[in-house]
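Q: Protein chains in written order, with my numbering: chain A, 1 to 271; chain B, 1 to 271.
In short, the hints are calculated from the structure, not lab data. Some hints could be false.
No distinction is drawn between identical chains; accordingly, a pair holds when it is met within one copy or between any pair of copies.
[Unchecked claim] With a Cα cut of at most 30 Å, we get these calculated DSS-like pairs of lysine-lysine:
1. Lys47 <-> Lys88
2. Lys218 <-> Lys127
3. Lys91 <-> Lys188
4. Lys35 <-> Lys47
5. Lys188 <-> Lys127
6. Lys127 <-> Lys47
7. Lys47 <-> Lys188
8. Lys218 <-> Lys188
Listed below, chain by chain, are the residues.
There are 2 protein chains.
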Amino acid sequence: MQRSERLIRLTQLLVERPLQALSLAHLSEAWDIAKSSLSEDVATIRKTLAEAQRGIVETSVGAQGGVRFHSGVPMDEARQFLDGLAHKLSKPDRVLPGDFVYLSDVLGDPHVLDTVGRLVSMQYTNKGINVVVTVETKGITLAAATARHLNVPIAIVRRDQRVTEGPTISTHYVSGSTRRIQTMSLGKRTIPPDARALIVDDFMRAGATARAVEHLLKEFSATVVGTAVFMATSQPTHKMVNDYFALLRVHEVSEQGVHVEPATLIDIQNG
Amino acid sequence: MQRSERLIRLTQLLVERPLQALSLAHLSEAWDIAKSSLSEDVATIRKTLAEAQRGIVETSVGAQGGVRFHSGVPMDEARQFLDGLAHKLSKPDRVLPGDFVYLSDVLGDPHVLDTVGRLVSMQYTNKGINVVVTVETKGITLAAATARHLNVPIAIVRRDQRVTEGPTISTHYVSGSTRRIQTMSLGKRTIPPDARALIVDDFMRAGATARAVEHLLKEFSATVVGTAVFMATSQPTHKMVNDYFALLRVHEVSEQGVHVEPATLIDIQNG
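Please model the entire structure based on the sequences and the hints provided.
A: Have a look at this one:
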C-alpha cells in the first residue's frame, strides 16, 4: 500500500468515526505495513488537520491505546455559520403564536445538524460524557448529531410510557409554559452505570424541562455534566439549571420579528 | 500545499459531507493549486476508496458540477454488522410483552445508527430522494442518520399537534396494533415542493403506520420512493405498503426468544 493510499484510508477511518480509538497495531497487521510508517502517516494527518483547524488527532498509549479524532470546525467558519443562522431565524415569518420561533426546518437540515453536533461536542470534549440525553421530539435530531461526534449513545426521555422502552423510571414536573403537571419517563436500560450525561434540547425558556430531566437522571444516579440547547431566550435571565450552553440567544419575539444572537464559542483547537 | 496535505484535506471534505458537491474550481482558488492537480488527487482518492469498497467518489461536469462522495460499507463488513445485530437482538431478554422486541439501546448506539444510515442510503442512492420522513419517536435517530448520508432534510410526522410546527396537515388512520383511530400531523413547511420522499421507521408489522404516512404525504403531493425499516416481522407476509426494505426480519417472537435474520443487501459498489 502506497503512502498516498494510507493517508486517504487513515483520514477516512478517523473522520468518519469521531472519538473511536483506531489501533495502529491492528492496522499494521491488516495492511501489512510497519507500525512506524503508520505513526508517521498519523503525524502528517494530525499536523494537516490542526493547521486547517479541522479537528484534533489524539494518540493515547497503553493497552487501550489508539488514535482518535475530535471533530472540529474552524472558528471563522463556526462564527459565519452561527451568524447565518441568527440572521435566518430573525425573520418575522418565523414568529409563531405564543412567541415561539419556527425551527423545524433548520432542525431537519443535515448540514445544520452536523455542524451543531460538532460545535456542541467541541464545547464538551474531554469531560467524560458517556451518554447524551434529550426529550422527545424536537431535540432528538440535535442530540443524535452531538452523540455521534462524542461517540456516545443517546437516550430519549418520553412524555408517555411505551411498552417498547421496557422497564422505565418516571417522574413528574410542572411545565414552564402550561403550568400543568407533566410526566417524563426514561427506559432503565438506556442509561449506563456511572453515567455522565449531557442534556441536549432545542429550546430553553425558563429551563423547567432541563431541570426535570436533571431530576429524572438523579433517579438513575447519573451525573449531569451540562445542558446544551440550540436556542435559549434572554428572558428570564435566571434559568432553573445552573450550567447551560446555548448556541443562539433570542431576544424580543414579537410580530415585527425576532432578534437572535449567536453564542460565544470556546475555541478548543487554539485553546 | 503539498500533495499529502491535499489528499488529507480533500478526503476529509468529501467523507464528512456525503453527497455535497465540492467545487474544484473554488478549491483551486482558495488553496492556490492548479485545478488539474486537484483532479489528479480526486482520481487517487476515488481509486483508493473504490478498491477498499469504502464509498464512491463521483465527478459531475457542468455549471452545477463538482465532486461528491457516496458513503459506502464494504459488503463483508455490512454482512458481519447485520449478523452481529441479528444475534444480539435474538436474545430472550429482548422480548417485551405483546411480542415487541427491545430496540432502544441499539437505536441509540452511534455506530449502529451511522452504519444503518450508510446501508439504507446505499439502497436508495441516485433515486432523486429529497426528503426523509419518519414518525416520532423511535425512528427519528435512524431517519436522521439516513438523511445525513443522503444529504437531504428530515421531516418528522407527529402524533399530536404542536404550535412549534407552524401550519400542519393532519390525517387519521387506524392503528395496526391497537385498532384505534390515530391522528398524524406534519408541518406544511417541512416538505419541499416536488418532494420525493423516503419513509424511514424502526419497526413494521402490518405496515399500517407506513401506509398512513404515504396517505399523509399524498396531501403534500409528494412521491413516496420507498419505505425502509430497521426491523420487519415476517408475519403477516403481506404488508400494507408495496415497496419496502427491511434490514432485519424477525420471526417467532416468544418468551423463549426471537429469531432475527439479516436482509440481503444490494451491493452498489460492485453493481
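Q: Look at each hint and say if it fits the structure.
A: Hint check results:
Within a single copy, lysine 47 and lysine 88 get their C-alpha atoms no closer than 35 Å, and across copies no closer than 40 Å, so neither meets the 30 Å cut-off. With identical chains, the CA atoms of lysine 218 and lysine 127 are at most 30 Å apart within one copy only, with a shortest distance of 19 Å there and 47 Å across copies. For a Cα distance limit of 30 Å, the shortest separation of lysine 91 from lysine 188 across copies, 18 Å, qualifies, whereas the shortest one inside one copy, 42 Å, does not. In this homomeric assembly, lysine 35 and lysine 47 come within 30 Å of each other (Cα to Cα) both inside a single copy, at 18 Å, and across copies, at 24 Å.
In this assembly of identical chains, lysine 188 and lysine 127 lie within 30 Å of each other by CA distance solely inside one copy; the values are 23 Å within and 40 Å between copies. With identical chains, the CA atoms of lysine 127 and lysine 47 are at most 30 Å apart within one copy only, with a shortest distance of 24 Å there and 39 Å across copies. Proximity of lysine 47 to lysine 188 under the C-alpha cut-off of 30 Å is found in neither arrangement, the shortest distances being 43 Å within a copy and 47 Å between copies. In this assembly of identical chains, the alpha carbons of lysine 218 and lysine 188 lie at most 30 Å apart only when taken from the same copy (12 Å versus 39 Å across copies).
The structure is inconsistent with the numbered hints 1, 7, although it conforms to all the rest.
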